[in-house]
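Q: Now for the letters of each chain:
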Amino acid sequence: MIPAAFDYVRAESADDAVAQLAEHGEDAKLLAGGMSLLPLMKLRLATPTVLIDLGRVRDLSYVRDAGDHVAIGALTRHRDVETNDVLERECGVIRAVAAQVGDNQVRHRGTIGGSVAHGDPRSDLAAALLALDATFVAQGPAGDREIPASEFFNGFLETALAPDELLREIRVPKSGPNGFAFEKFNVRAQDFAIVGVVAARADGATRVGLIGMGSTPLRATGVEQALAQGASPADAAAHAAEGTEPTTDLNATPEYRSHLARVLVRRALEAL
Amino acid sequence: MRIAITVNGAAQAHDVEPRTLLVQYLREACALTGTKVGCDTSSCGACTVLVDGESVKSCTMLAAQADGANVMTIEGLADGDEWHPVQQAFHEHHGLQCGYCTAGMVMAAVSLLEEIPDPTEHDVRLGIEGNLCRCTGYHNIVESVLAAAQMKKS
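First to last, the protein sequences are chains W and R. Using this note's numbering, the letters of the first sequence map in sequence onto residues 1 to 272. Using this note's numbering, the letters of the second sequence map in sequence onto residues 273 to 426.
No lab work stands behind these hints: they were computed from the structure. Source: prediction; values computed, not measured. Just so you know, even glycine gets a beta-carbon here, dropped at the ideal spot from N, CA and C. Treat the hints with caution; some may be incorrect.
Computed footprint of chain W on chain R; a stretch qualifies when at least three of its residues, placed anywhere within it, have a C-beta under 8 Å from a C-beta of chain W [said to hold, decoys possible]:
hint: 1; region: 278 to 291
hint: 2; region: 310 to 322
hint: 3; region: 334 to 347
hint: 4; region: 378 to 386
Extracted from the complex, chain W is given alone in its bound form:
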């Protein structure tokens, strides 16, 4: 399968990428690692007329300790996230979740920013960043804009990023090396989760992110409220599917996904 024809240009820097987006308009797409976009283009579900390759923009690949949070450059590859010492120490959950994205080959190419900007409800990292109340820094023609994770995911493959904006940095509040659990239910090891759960303790509260339970990554707010009121893991987990709208596909019905969410949340909370 070959993508539809497109013009290919390279961005030399973040500023250059934003300038090229402005120049080429809404039919242009940014290419990071390509692990989500290229499969869509091969199926011709995405047919950008201009592809702006960010592969040479190396200064957006970094992980920095920034005091109360860890700053991750949007073009940091999953491999570099999963092997990063700062993240292991200050935000172990992100490191651990990145280590289970796709397979080795995917993690060698795919980037954290590309994964998030794609807006897939099955993205492990998106659910983890949502659970941790991360902040996304978008760069546009008018400068930088901070978007809270709770306002970032708008719908299936839709985010709050404007067509002329580049996701530049992800800021994750520190949650320490431990105190998290990640449950990923799938048929084959490398697959997307049918349903996944990220649970993490931070600031004295337990946060729970859900993968595959709607058109966006979700917070299990019913579970979080029950825990805050002193519920046991088993009792809190009964609220896992509240407010979710899981879809039907080859793998699962909404009823089965809801069942999985309750079981996986209970397992995650018991493992915390």
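Fit chain R to the given chain W structure using the hints.
A: This is chain R only, laid out in the frame that chain W set:
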């Protein structure tokens, strides 16, 4: 567009369409057909090659993205008549049945052993999760990779 890629140590330069996939480039422009197209959806890993030493699925990378890179395919692994330890181990431990997944499986294993030189069986099984063998010959493939790690150490 003009791209220049070092493939198995040899400089290659070609005019390609931007939408040319790396696997297509290797097979059609470079005539290196050892790299197979399997699922063509980045699921099966048959098209795995090394780009700057790391395993990637060449059906899900544009040739243009590899411009300026060092690419290694199964054809570049042996040193003259001497097989790479991973090739030798697959031969000795019967790590292949029909052979279709083998080139990708071997390249994934080479990359894995660079990252984890002394892997456990669990490390190997996780490390090749992106490579499918429809003959389900995983047992001997895992044995082969473990044996290759021992060979590389000695």
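Q: Compare the structure with each hint and give your call.
A: Evaluated hints:
no. : hint       : verdict
1   : 278 to 291 : holds (count 3)
2   : 310 to 322 : holds (count 6)
3   : 334 to 347 : holds (count 3)
4   : 378 to 386 : holds (count 3)
Violation of the numbered hints given earlier is absent; every hint is satisfied by the structure.
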